[in-house]
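Undergrad: Each chain, letter by letter, is given below.
Protein chains: 2
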Amino acid sequence: METYNQRRPDDWHVHFRQDDTLRQVVPYTARQFARALVMPNTKPAIRNAADVTRYKELTWNYSGQGFQPLMTVKLFDDSTLQEVMRAHRIAGVIAAKAYPFGVTTNADDGITDFTAPRLNQVFAAMEEHRIMLCVHGEKPDAYCLDREEKFLEVLCRITHRHPLLKIVLEHITTLAAIQFVKVTPNVAATITLHHLFLTTDDIIGGKLRPHNFCMPVAKRPEDRDALREVVFSGNKKFFFGSDSAPHLKGDKECAEGCAGIFSAPVAMPLLVEFFEEHHRLEMLENFTATFGAQWYELPRNESSRLTLIKRPWIVPQEIRGVVPFYAGKEVQWSIA
Amino acid sequence: METYNQRRPDDWHVHFRQDDTLRQVVPYTARQFARALVMPNTKPAIRNAADVTRYKELTWNYSGQGFQPLMTVKLFDDSTLQEVMRAHRIAGVIAAKAYPFGVTTNADDGITDFTAPRLNQVFAAMEEHRIMLCVHGEKPDAYCLDREEKFLEVLCRITHRHPLLKIVLEHITTLAAIQFVKVTPNVAATITLHHLFLTTDDIIGGKLRPHNFCMPVAKRPEDRDALREVVFSGNKKFFFGSDSAPHLKGDKECAEGCAGIFSAPVAMPLLVEFFEEHHRLEMLENFTATFGAQWYELPRNESSRLTLIKRPWIVPQEIRGVVPFYAGKEVQWSIA
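If you read the protein sequences in the order shown, they are chains A and B.
If you're matching positions, the first sequence starts at 36 in the numbering used here and goes up one per residue.
If you're matching positions, the second sequence starts at 36 in the numbering used here and goes up one per residue.
Next comes chain A alone, as it looks inside the complex (with noise of 0.2 Å):
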């Protein structure tokens, strides 16, 4: 039978949730990542030295060996320098992630001010311990469509204030995107599997498709199409984030459904399958085990390896209350 091996991959951006959730979807990305970079917006926020080392250890018992949660803590208006450097040093997180006010999921509490002193001031600590900026880019008051975009003029301030803070441009959907994160030499940026696929018209081109619904809203086929290029072309400071991020299936199926799309138990099957239908397949590697391990200077995984077979399989309509990205359809690799 046909087998795809590569280095074990890494996952730069997952949801994990709490409680229940936790438990039952933190399996799916144990099976497939060496590591994954776990998000703070959690209920309650993880925010700091106490929260992580207890998020880390509840995740660490829900994911067997040989997998390592990779930390990170929520920024807030009132994040202080002590608050992210102890979280750095005693609980050992690699990046601080802001979300700007409203802007999705658990956002409420999110920036206001990305040039409030108080925030410089951590930024400035960040930059001088080479801690990561992780950055979920968009203008909330701008229109939907436009926000990654705008935001761009926010990150611009920020490198120019904190030329040495590297920084990870989360999940990009846009050329502009693109086109910023190539010439700003501080900045790196995750692409996620389901931006590779979607465009508006999957969400409201025809019915209407809750489960296609994220933020950063998924733009133009001109955009998707300037995402797989350049994570075709091999571009180093473009890796894989998957930005996997369940909710219950009611709680997208109703008046007001949430963003986030729940992509972790097809994320590898689905790359292999992508990148191999437009014989890209020898660059699947670099995007998900080499270029993201390199931009937070960690090591590769040099132990462990991850091998798919190909045998189709039916992505399940429900998996634990959650519908999953391209549940229904027919995914060609299984991992092994």
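None of these hints come from the bench; they were simulated from the model.
Every value quoted in this text rests on a predicted model; they were computed, and no experiment measured them.
Among the clues, some could well be false.
You can't tell identical chains apart in this list, so a pair holds if it fits in one copy or across any two.
What the hints assert, rightly or not - Below, a list of computed lysine to any residue pairs in the SDA-like style, where the Cα atoms sit at most 25 Å apart:
(1) Lys174 - Asn221
(2) Lys242 - Gln53
(3) Lys242 - Asp144
(4) Lys242 - Thr147
(5) Lys185 - Lys242
(6) Lys242 - Asp54
(7) Lys242 - Ala142
Starting from the known structure of chain A, fit chain B onto it as the hints suggest.
TA: Just chain B, lined up with the frame of chain A:
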């Protein structure tokens, strides 16, 4: 108590559906409007004189006195000249409605080629006999937010070939469509209630809101503002058509939600509130009771008037299984 009184309005675009829904939704239109142009994309579709007569009778059964349904037939690739002319002469149809293939609810049997010879024979006969062509103006294979603008090229070809064929471009959503209608003598347009309120942000800009989802999808704030401006300017080529389109709650809040907004229950109350808020209440009667009749070359409603009183009410969360537009919100005006 403050009142508002005008010539009884017309709704130049409404979906009554069939069966139980027909019975349940007709009264909401009939209690406000003197006449409504009833769309033919029912299941099964209304395509000939017999269909029209049967459907008109049903509508009358449910509407009570004082309401006149104005009838349409749906055009197909294989519609014949004879079929359309008989529907006009025998069943009194005043318009034929063209849906591009696959563009919205029940359009899977829509027109695949607007330049086909058979269809152009139909258009020529409609031109000669002054039967209106109503068009859902979207190019189905374009990106969802470009579809209306891209369809203008198709419309342009129709108007060149049939310069005397009167056309209504239905439920327009873009500045591009407004500009096209303004400069094209034989094309007018309907504007809905909800497109005066919504932008894409109200569908995918925060939570996903299926009850704000319709085709054409609401566009950018600049587009919505242009719709408001043209309506407030009193341009007689732009008149009211609600496109009220009920779907059962379960067909909206699901994995593949239907397009359509049920606005009939709030139509005139919310229009009065909206025009009043914008200090343009004096423009509402023309928009709802004059310009449409003029374009269709029908007399205005002389005998009947509509009165609203300023008495706030909360729009119900659900009306006969359907979530109406503005559900749960307060409207200032009530129908007397």
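Undergrad: The structure should be examined with respect to each hint, and the outcome stated for every one.
TA: Hint by hint, here is what the structure shows:
Taking the shortest alpha-carbon separations for lysine 174 and asparagine 221, only the intra-copy value of 20 Å comes in at or below 25 Å, while the best inter-copy value is 42 Å. In this assembly of identical chains, lysine 242 and glutamine 53 lie within 25 Å of each other by CA distance solely across copies; the values are 21 Å between and 31 Å within a copy. For a Cα distance limit of 25 Å, the shortest separation of lysine 242 from aspartate 144 across copies, 16 Å, qualifies, whereas the shortest one inside one copy, 33 Å, does not. Taking the shortest Cα distances, lysine 242 and threonine 147 sit within 25 Å of each other only across copies (20 Å), while inside one copy they are farther apart (35 Å).
Taking the shortest alpha-carbon separations for lysine 185 and lysine 242, only the inter-copy value of 20 Å comes in at or below 25 Å, while the best intra-copy value is 29 Å. In this assembly of identical chains, lysine 242 and aspartate 54 lie within 25 Å of each other by CA distance solely across copies; the values are 23 Å between and 33 Å within a copy. Taking CA atoms no more than 25 Å apart as the test, lysine 242 paired with alanine 142 passes between copies only; the shortest distance there is 12 Å, against 28 Å inside one copy.
In summary, the structure agrees with every hint in the numbered list given earlier.
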